[in-house]
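Visitor: Given next are the chains, with one letter for each unit.
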Amino acid sequence: MNRMTHPIEPEEVMAYLDGELKADRAKVAAVHLSECAECQGLVAELKSVSQNLNTWNLDSPESAMPPAIAGALAENRAASRYAFPAHGRSLREVFGQRWLTVWRVGALAAILLLAVGIPMLNRRSTKYEYSKPQETVLLVAPKTPEAIPGGGGGGDRDKLETFGKPQSAATAKFKAGQQNESAGEHGPIANGPMTIRTAQLNLVTKEFDKARASLEAILKRHRGYVGELNVGGNTGSGRTLTATLRVPADQLDATMAEVKTLGRVESESQGGQDVTSQYVDLQARLGNARNTEERLTDLLRNRTGKLSDVLAVEQELDRVRGEIEQMEAERKNMANQVSYATVTASITEEYKAQMQVVPPSTSTRVGNAAVEGYRTMADGVVGVVLFLLSTGPSLLLWAAILFFPARVAWKKLRGLAA
Amino acid sequence: MISDEALMQEFRGGSQAAFEELFTRYRGPLYGLFRRRLERDQRAEDLTQEVFLAVIRASVRYEPRALVRTYLYGIAMNLLAAERRKQFRDSASGEIAAEPTTQDDSDSVLWMRQALGKLDDAEREMVMLREYEQLSYSEIAELLKLPVNTVRSRLFRARMALKEHLKPERNISASAVEVVETAGLPRAEGEAI
Chain A
1 MNRMTHPIEP
11 EEVMAYLDGE
21 LKADRAKVAA
31 VHLSECAECQ
41 GLVAELKSVS
51 QNLNTWNLDS
61 PESAMPPAIA
71 GALAENRAAS
81 RYAFPAHGRS
91 LREVFGQRWL
101 TVWRVGALAA
111 ILLLAVGIPM
121 LNRRSTKYEY
131 SKPQETVLLV
141 APKTPEAIPG
151 GGGGGDRDKL
161 ETFGKPQSAA
171 TAKFKAGQQN
181 ESAGEHGPIA
191 NGPMTIRTAQ
201 LNLVTKEFDK
211 ARASLEAILK
221 RHRGYVGELN
231 VGGNTGSGRT
241 LTATLRVPAD
251 QLDATMAEVK
261 TLGRVESESQ
271 GGQDVTSQYV
281 DLQARLGNAR
291 NTEERLTDLL
301 RNRTGKLSDV
311 LAVEQELDRV
321 RGEIEQMEAE
331 RKNMANQVSY
341 ATVTASITEE
351 YKAQMQVVPP
361 STSTRVGNAA
371 VEGYRTMADG
381 VVGVVLFLLS
391 TGPSLLLWAA
401 ILFFPARVAW
411 KKLRGLAA
Chain B
1 MISDEALMQE
11 FRGGSQAAFE
21 ELFTRYRGPL
31 YGLFRRRLER
41 DQRAEDLTQE
51 VFLAVIRASV
61 RYEPRALVRT
71 YLYGIAMNLL
81 AAERRKQFRD
91 SASGEIAAEP
101 TTQDDSDSVL
111 WMRQALGKLD
121 DAEREMVMLR
131 EYEQLSYSEI
141 AELLKLPVNT
151 VRSRLFRARM
161 ALKEHLKPER
171 NISASAVEVV
181 ETAGLPRAEG
191 EAI
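These protein sequence lines map, in sequence, to chains A and B.
Under the working numbering, read the first sequence as residues 1 to 418, first letter to last.
Under the working numbering, read the second sequence as residues 1 to 193, first letter to last.
Next comes chain A alone, as it looks inside the complex:
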């Protein structure tokens, strides 16, 4: 079959039957097949082969899900393994084990470093009673509102604490709500305008510790959580607590009313930003992007063409999916801000100046001096070692290079002198 008599190749006839020919070539093939007996014969042969192959039918397997799969599904194990059967271990698995060992050793080394390093750091700082008023301690976020640490007490003085966002039950509930919301596309909009509410409150209190404990109790009552909390203060002045609180939007007013009872209100402000139109716009763009993704997926599945076309579609699909993920994150963030109002509260302790400041005791001063002396000595030794390590190799190299010329020069000088 040559091109002079047949405008399409035999392989193209087969591809045409398989629906794998591009549209322009398919048209040529259709026209040619309607008038070429030889190619019609080829079509008949190809169809006959397919018919013969399709005589091999199988019974359908049982439709019920096997217990092994149902069990694995129930466990929904996150651990992923390469898709090889149980017998034998693949190279990938072996290397995987090796990497696991390397990771374990690395983790152990890191833990050892931390275990040795942290006490050393602490030893340096704990003996100084008022030396570092603003030291930052990062704490692990508590899992429930109950786990939020209670009123600091004297030990909190001169420290600044930062709390991460707790994964409270309320948050979990909110997240679950958000998932439902994302399933039902336009969930929050149906309830009316969407407003991001914010409030700011400055208080002065005489009973600082009690106010802090009460603040946490109020948050717990209203299903809120602490976004960030800092406590700081210096000798000779009152302590200050600044906190970013997140409370359900419908609980904002009640929360504010209760927080105000903790002290004298110095200033208060509330604000709101209407994001309804932004949210609707985001939803619409998200919907469009999802439709595009679906169309591209269908295109990829059902249409055929050149490899370059397929790759182009896949690239476009990747881009659209990236956009969808970005918009989805933006939408969730916006919904979160709307559902939970943000309160920036600042509580300052009313400071009472003390006439007599008790000086540190003699034993403390002696202890401090001893620690200071030890630290200076250790720093000196470490400094010398570091200097030797950093410059030693260079000095040795130059000494080796310059030794013989210097020796020759020295001998000459001595000879001349003699």
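Rather than coming from a laboratory, the hints here were simulated on the basis of the structure.
Note that CB positions come from ideal geometry on N, CA and C, so glycine has one too.
Mixed in with the good hints, there may be bad ones.
Once the Cα atoms are required to be at most 27 Å apart in a straight line, the calculated BS3-like pairs of lysine-lysine come out as [to be verified]:
{"hint": "1", "chain 1": "A", "residue 1": "306", "chain 2": "B", "residue 2": "145"}
{"hint": "2", "chain 1": "A", "residue 1": "27", "chain 2": "A", "residue 2": "47"}
{"hint": "3", "chain 1": "A", "residue 1": "47", "chain 2": "B", "residue 2": "167"}
{"hint": "4", "chain 1": "B", "residue 1": "163", "chain 2": "A", "residue 2": "22"}
{"hint": "5", "chain 1": "A", "residue 1": "332", "chain 2": "A", "residue 2": "352"}
{"hint": "6", "chain 1": "A", "residue 1": "47", "chain 2": "B", "residue 2": "163"}
{"hint": "7", "chain 1": "B", "residue 1": "118", "chain 2": "A", "residue 2": "47"}
Here chain A is said to cover these stretches of chain B; the calculated rule only asks that three of the stretch's residues, wherever they fall, bring their Cβ under 8 Å from a Cβ of chain A [what the hints assert, rightly or not]:
{"hint": "8", "stretch": "15-29"}
{"hint": "9", "stretch": "34-45"}
{"hint": "10", "stretch": "51-62"}
{"hint": "11", "stretch": "108-121"}
{"hint": "12", "stretch": "132-144"}
Only part of the chain A face toward chain B is listed, based on derived beta-carbon distances under 7 Å [said to hold, decoys possible]:
{"hint": "13", "residue": "53"}
{"hint": "14", "residue": "68"}
{"hint": "15", "residue": "297"}
{"hint": "16", "residue": "304"}
{"hint": "17", "residue": "310"}
Position chain B against the provided structure of chain A, taking the given hints into account.
Guide: Just chain B now, with coordinates in the frame of chain A:
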């Protein structure tokens, strides 16, 4: 109908119903893939399960770069290759004696399997993936790691060869069964040599 990719995403998000739907869609085709290539029915069932177990285990790592169908068939082809290696090792060490098969094929099927057995391994795989699994040329190319044009030309050659092999009379002989055996295709019941 929800696309396979959407179902996979839902499953990754924790939807058990999405997985059940994928299972319903692909259990039959995957079982067919294994059943037509393996001797024992039970192994086909087991390997079909293995595919879905692998999907569950690797759901966290799954990235929607390929179609779910290609992804599933890719896992299946890996499992099949491993199974064949195991069978080869076992047969070389004489661990497993010939076991009775559970296939009950008609003469026409045997005749057609004999013809398939005469094909080159890769070409037979192409024909089977196209005819039984209904994969597109690009999907076959992806699975077999070959260029699409190579798939098309070799598929054509294989079909033409198959046409020639199917021409002789339907005569099931011992030699035919031998050919099926050497080609790694399952042997029919009652034909134990």
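Visitor: Give a verdict on every hint.
Guide: Hint check results:
1. With a C-alpha separation of about 16 Å, the suggested pairing of residue 306 (chain A) with residue 145 (chain B) holds against the 27 Å cut-off.
2. Straight-line distance between C-alpha atoms of residue 27 (chain A) and residue 47 (chain A) comes to about 20 Å, which keeps the hinted pair within the 27 Å bound.
3. Proposed proximity of residue 47 (chain A) and residue 167 (chain B) is supported: the alpha carbons are some 14 Å apart, at most 27 Å.
4. Restraint check for residue 163 (chain B) and residue 22 (chain A): the C-alpha separation of about 26 Å stays at or below 27 Å, so the hint holds.
5. Between residue 332 (chain A) and residue 352 (chain A) the CA atoms are separated by roughly 47 Å; this puts the pair beyond 27 Å, and the hint is violated.
6. This hinted pair checks out: residue 47 (chain A) and residue 163 (chain B) have alpha carbons roughly 10 Å apart, not beyond 27 Å.
7. For the suggested pair residue 118 (chain B) and residue 47 (chain A), the alpha carbons sit about 20 Å apart, so the restraint of at most 27 Å is met.
8. Given as covered by chain A, the stretch 15-29 of chain B passes the check, having 7 residues with a CB less than 8 Å from a CB of that chain where 3 are the minimum.
9. Remark: the stretch 34-45 of chain B is confirmed as covered by chain A, as 3 of its residues place a Cβ nearer than 8 Å to a Cβ of that chain, reaching the required three.
10. With 10 residues carrying a beta carbon less than 8 Å from a beta carbon of chain A, the stretch 51-62 of chain B meets the three-residue requirement, and the given coverage holds.
11. Beta-carbon proximity to chain A at under 8 Å applies to 6 residues in the stretch 108-121 of chain B; the threshold of 3 is reached and the given coverage holds.
12. Given as covered by chain A, the stretch 132-144 of chain B passes the check, having 4 residues with a CB less than 8 Å from a CB of that chain where 3 are the minimum.
13. About 5 Å separates the beta-carbon of residue 53 (chain A) from the nearest beta-carbon of chain B, less than 7 Å, and the hint is met.
14. Nearest Cβ of chain B to the Cβ of residue 68 (chain A): about 6 Å, under the 7 Å cut. The hint holds.
15. The interface hint given for residue 297 (chain A) holds, since its Cβ lies 5 Å from the closest Cβ of chain B, which is under the 7 Å cut-off.
16. Taking 7 Å as the C-beta cut-off, the interface hint given for residue 304 (chain A) holds, the closest approach to chain B being about 6 Å.
17. Interface restraint check for residue 310 (chain A): the shortest CB-CB distance to chain B comes to about 6 Å, inside 7 Å, so the restraint holds.
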